[in-house]
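Enquirer: Sequence:
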Amino acid sequence: MTKSKISFQLPVLDLSQPVESTFLSALSQACQEWGFFYVANHGIPESIFSELCLLSEHIFSLPQELKLKLGPSSSVQTYTPRFIASPYFESLRVSGPNFMASAKASADELFGSQNREISNVLQEYGSKMIDVAKIVIEVLLKCLGDVYERKYYKTEFSNCHGYLRIVNYSPPENVKEKEVEGLGMHTDMSCITLVYQDEIGGLQMRSKEGEWLNIDPCKGSLVVNIGDLMQAWSNGRFRSSEHRVVLKQPVNRRSLAFFWCFEDEKVILAPDDVVGKGNARIYKSFVCADYLKFRESNEEGKFEKIGYTVKDFAGVKIQATVTTML
Numbered sequence: 002m003t004k005s006k007i008s009f010q011l012p013v014l015d016l017s018q019p020v021e022s023t024f025l026s027a028l029s030q031a032c033q034e035w036g037f038f039y040v041a042n043h044g045i046p047e048s049i050f051s052e053l054c055l056l057s058e059h060i061f062s063l064p065q066e067l068k069l070k071l072g073p074s075s076s077v078q079t080y081t082p083r084f085i086a087s088p089y090f091e092s093l094r095v096s097g098p099n100f101m102a103s104a105k106a107s108a109d110e111l112f113g114s115q116n117r118e119i120s121n122v123l124q125e126y127g128s129k130m131i132d133v134a135k136i137v138i139e140v141l142l143k144c145l146g147d148v149y150e151r152k153y154y155k156t157e158f159s160n161c162h163g164y165l166r167i168v169n170y171s172p173p174e175n176v177k178e179k180e181v182e183g184l185g186m187h188t189d190m191s192c193i194t195l196v197y198q199d200e201i202g203g204l205q206m207r208s209k210e211g212e213w214l215n216i217d218p219c220k221g222s223l224v225v226n227i228g229d230l231m232q233a234w235s236n237g238r239f240r241s242s243e244h245r246v247v248l249k250q251p252v253n254r255r256s257l258a259f260f261w262c263f264e265d266e267k268v269i270l271a272p273d274d275v276v277g278k279g280n281a282r283i284y285k286s287f288v289c290a291d292y293l294k295f296r297e298s299n300e301e302g303k304f305e306k307i308g309y310t311v312k313d314f315a316g317v318k319i320q321a322t323v324t325t326m327l
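For the sequence shown, our numbering assigns the number 2 to the initial residue and increments by one for each residue that follows.
Think of the hints as simulated: they come from the structure by calculation, not from any bench.
On a predicted model such as this, the values are computed, not experimentally measured, just so you know.
Treat the hints loosely; a few may be bogus.
Dumping the calculated DMTMM-like pairs for lysine to aspartate or glutamate here, alpha-carbon to alpha-carbon at most 20 Å [said to hold, decoys possible]:
#	residue 1	residue 2
1	K220	E52
2	K285	D273
3	K249	E212
4	K312	D147
5	K285	E266
6	K285	E264
7	K143	D273
8	K135	D265
9	K249	D217
10	K155	D265
11	K249	D199
12	K285	D274
13	K129	E139
14	K152	E264
15	K129	D15
16	K135	E264
Label pairs and their calculated CB-CB ranges [stated by the list, open to error]:
#	residue 1	residue 2	range
17	Q10	N299	17 to 23 Å
18	S159	G113	38 to 44 Å
19	Q65	R117	24 to 30 Å
20	I49	D273	37 to 43 Å
21	G316	V148	24 to 30 Å
22	N99	E139	22 to 28 Å
23	R117	L16	27 to 33 Å
Ideal placement from N, C-alpha and C gives every residue a C-beta, glycine not left out.
Kindly generate the complete structure, drawing on both the sequences and the hints.
Expert: Structure representation (structure tokens):
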């Protein structure tokens, strides 16, 4: 496995402060170069993160036959067992906007009756993450241009929806390597993804030069990364970077990933002024659900997921023209 490099500094979007033009410039540059940044003062108390981590510890410690009641062959299909995405990765999905109902469906299968504590905390967390995601999208539109938030938020992003994935990474025993991939290199099928990672860390981003850079945990902050849908909608002005999770310590790692996506029927096409006068359009229009199906069908049973991205699905091949002087 390719070894990782040292950590690097990313901008921090502070939601408690007005967004200055100088910061927008720095954030825009980071989104073009890295596709990652942090969000601080987001209004989600640390107690909720702690509660969800304890909840995930309880759920993932249940017997495997009980967890598989939520597995791919079940009627609920909210649990992803190990050896599907990775030998060390398992997760529980909670869908919005009614996170309480989604959590209740899983809790009823696991515990036989309604678990109000699980449903309530997931509803609270999901609702807060929706609020944060909406603000982040507004700021990103400002990065593209002064009027783009007013011009495009309601028409393009008002019907977005989100889902939460609670993830548990179980490190292998007696492994000689210092770093083991808990989840292989991939890009996200979202507009943006907001991640809470515990103090263990392990999230890494692949630079344009192919180097792996550590995205260290930043206490009290969320990690935001640009997804494939936003990369296509922005005509590549924002970068959906390849990233992975490495396991560096012999302890379980937990994270909470919130994916903010276009509605399934959304036709994704960069507006002309986002593309810019004189610039080439590098993505053709496509329906969101069609891309999700493309990725899911091509990635089935593969741990190394980066073989297919939005470029493969909707990229426009730009052919160079040769002018002959007569």
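Enquirer: For each hint, tell me whether it holds in the structure or not.
Expert: Now for the hints, and whether the structure bears them out:
With a C-alpha separation of about 16 Å, the suggested pairing of K220 with E52 holds against the 20 Å cut-off. Of the pairs offered as hints, the one joining K285 and D273 holds, with about 12 Å between alpha carbons and a cut-off of 20 Å not exceeded. At most 20 Å may separate the alpha-carbon atoms for a hinted pair to count; K249 and E212 meet this at roughly 17 Å. About 28 Å separates the Cα atoms of K312 and D147, which puts this hinted pair outside 20 Å; it is violated.
Proposed proximity of K285 and E266 is supported: the alpha carbons are some 16 Å apart, at most 20 Å. For the given pair, K285 sits about 18 Å from E264 by alpha-carbon distance, which is consistent with the 20 Å threshold. For the hint linking K143 to D273, the alpha-carbon distance of about 16 Å falls within 20 Å, and the restraint holds. Restraint check for K135 and D265: the C-alpha separation of about 18 Å stays at or below 20 Å, so the hint holds.
The straight-line distance between the Cα atoms of K249 and D217 is roughly 13 Å, inside the 20 Å bound, and the hint therefore holds. Proximity of K155 to D265 is assessed by CA-CA distance (about 17 Å); at most 20 Å being required, the pair is judged to hold. Straight-line distance between C-alpha atoms of K249 and D199 comes to about 13 Å, which keeps the hinted pair within the 20 Å bound. As the CA atoms of K285 and D274 are separated by approximately 15 Å, the hinted pair is consistent with the 20 Å bound.
Between K129 and E139, the direct Cα distance comes to roughly 16 Å. Compliance with the 20 Å bound is thereby established for this hinted pair. For the hint pairing K152 with E264, the CA-to-CA distance comes to about 19 Å; that is within 20 Å, so the pair holds. Taken as a hint, the K129 and D15 pair is honoured in the structure, with Cα atoms around 16 Å apart against an allowance of 20 Å. Taking the CA atoms of K135 and E264, the gap is about 14 Å. The hint holds against a cut of 20 Å.
Between Q10 and N299 the beta carbon distance is about 35 Å. The supplied range of 17 to 23 Å is therefore violated. Range check, S159 to G113: about 39 Å between beta-carbon atoms, so the 38 to 44 Å window is met. A hinted range of 24 to 30 Å holds for the C-beta pair Q65 and R117, which are about 26 Å apart. Between I49 and D273 the Cβ separation comes to about 42 Å, which falls inside the hinted range of 37 to 43 Å.
The hinted range of 24 to 30 Å is satisfied by G316 and V148, whose Cβ atoms lie roughly 28 Å apart. A beta carbon spacing of about 24 Å between N99 and E139 agrees with the range 22 to 28 Å that was offered as a hint. With their beta carbons about 30 Å apart, R117 and L16 fall inside the hinted range of 27 to 33 Å.
In terms of the numbered hints stated before, the structure departs from hints 4 and 17, listed from lowest to highest.
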